[in-house]
Amino acid sequence: MRIKPLGDRVVIKRLEAEEKTKSGIVLTGAAKEKPQEAEVVAVGPGAIIDGTRVELEVKVGDKVLFSKYAGTEVKLDGEEYTILKQEDILAIVE
Amino acid sequence: MRIKPLGDRVVIKRLEAEEKTKSGIVLTGAAKEKPQEAEVVAVGPGAIIDGTRVELEVKVGDKVLFSKYAGTEVKLDGEEYTILKQEDILAIVE
Amino acid sequence: MRIKPLGDRVVIKRLEAEEKTKSGIVLTGAAKEKPQEAEVVAVGPGAIIDGTRVELEVKVGDKVLFSKYAGTEVKLDGEEYTILKQEDILAIVE
Amino acid sequence: MRIKPLGDRVVIKRLEAEEKTKSGIVLTGAAKEKPQEAEVVAVGPGAIIDGTRVELEVKVGDKVLFSKYAGTEVKLDGEEYTILKQEDILAIVE
Amino acid sequence: MRIKPLGDRVVIKRLEAEEKTKSGIVLTGAAKEKPQEAEVVAVGPGAIIDGTRVELEVKVGDKVLFSKYAGTEVKLDGEEYTILKQEDILAIVE
Amino acid sequence: MRIKPLGDRVVIKRLEAEEKTKSGIVLTGAAKEKPQEAEVVAVGPGAIIDGTRVELEVKVGDKVLFSKYAGTEVKLDGEEYTILKQEDILAIVE
Amino acid sequence: MRIKPLGDRVVIKRLEAEEKTKSGIVLTGAAKEKPQEAEVVAVGPGAIIDGTRVELEVKVGDKVLFSKYAGTEVKLDGEEYTILKQEDILAIVE
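Residue numbers (the working numbering), protein chains in the order written: chain A, 1 to 94; chain B, 1 to 94; chain C, 1 to 94; chain D, 1 to 94; chain E, 1 to 94; chain F, 1 to 94; chain G, 1 to 94.
Please keep in mind that the hints were generated in silico from the structure rather than gathered at the bench.
Source: prediction; values computed, not measured.
Each pair of labels, with its calculated beta carbon distance range:
1) F:Ser67 - G:Ser67: 15 to 21 angstroms
2) B:Glu79 - G:Glu87: 48 to 54 angstroms
3) F:Gly78 - G:Glu79: 28 to 34 angstroms
Glycine is no exception: its CB is placed at the ideal position from the N, C-alpha and C atoms.
Start from the sequences, fold in the hints, and give me the full structure.
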């Protein structure tokens, strides 16, 4: 992996609409605020809370739902990724 | 269950108006801000507070009242769900 | 009781104006922000603060003064209730 | 006492202008934000801070200065009172 | 002293412009936000932080610089005072 | 190093567009909010959290992605640097 | 020193433009928000965090960069000083 997120940040790769259909998830409507499905490609070491580092709940490979406009988009070796905080991830899809 | 919420988030399924009448709950007026009745279908592991994970008070199967506009709606296998934080749930209806 | 509030929430039943007069409490003026008298009908288990659950100060049966616009109104079996946080209760009237 | 305030709230009775003169306190100008003199008639058990209940600094009978628009006014047995948080009391006048 | 401030509040008496010149302090410009020099006439017992009362750094008799519009002005026995929180005091002048 | 940042601040030197291409990172679009690549040239001792100094995750020499408008730019010996808080750094690029 | 700052406040003396050139620091552009170079002339005892006083990182004599509009300006014996919180100091210049 080329990008190592800091603290409680996570790097995710947005899944295409086709894959979303395959996994059975169809997000409601076409609203701008609808959550997005993505795969986690890198996780930070976790935030330090009260002097203790708290490991993240998500791990590399997890399929997750996240708020579409959360985080920052970057392009790496031709692929687009999003760096966001774990708190902007709503749920893991299994 | 296909959706595993993170932290203190909960996945709920909104109950139909008919079911509301059956359980005896009638929400006041037709105001936009009125609470909604729903059933909990998945709960997160709880938030980490002061280094300790605090389990959620609601559990799968609970009927709950929640603020109508809280959370994010998703569709899974043709069914609509809402992902919201436990703090947006007002009460359990028994 | 049919409604079990979460955390530091309380369910109260607003007392009628007649009852207010009987208990000797007359709220000042007709201002929109004037507090309301009510009876507590259900209390939550208390909020978790610093890892410890802090029980509520009010208990079922208490007559309380609360800010008129605090909380959310619900109707249950034809009766109207308000769900609000204990911090929106000003005082117990004895 | 008929009103038992919750947490770090205090019930005070506003002192008349005459009494203010007698105690030697004259508040500056006629500005809307000027503090008011009052007598404490009931105190709450104190707020819970870090798991410990912190008793209030003021006690029943104290003469206090408070911000005029702080708190909520109620009428009890024909007398007007103000319920406010202790943090809105500026000082005790001795 | 007739006024006993609560918590981390302090009662100060504003020093006249002449006295400011004598002590060598000349405040810049005539701007509305310029700090004022004053003498501390009463201090509160200190705020409670994490269950421990933290005594104030300033003591009666200290000459201090404070933000002109901080605090509340009161008149006591014909003298004007300001009640403010210690955090609104910038420095002690020696 | 001539600049020693305080607390959890970091001094970084923005990398030129050419170097970005070499490392394989291409930032998406030409949007104003796009992250920037930079090299860390100095790190602060870390913030004090709950009485303990928490060392920074980034170290001198790290290539990092940061929000373009975060921090403050300074010029030192003809070179431009940015001083920002570590929390404004999104990820380390390896 | 005539001014003794409270808590985590620091008194600094702004350095002239000439001196800035001598030390090799040239601040970018002529923007209003550019940082300023100054020398620390007095430091407070530090803020109390979680019951412990945390000493400041800067000491008297340090050359520092700070945000131009941070703090409050005072004049003492004909010299202008700025009183600001340590958190408004970006870095020490060595």
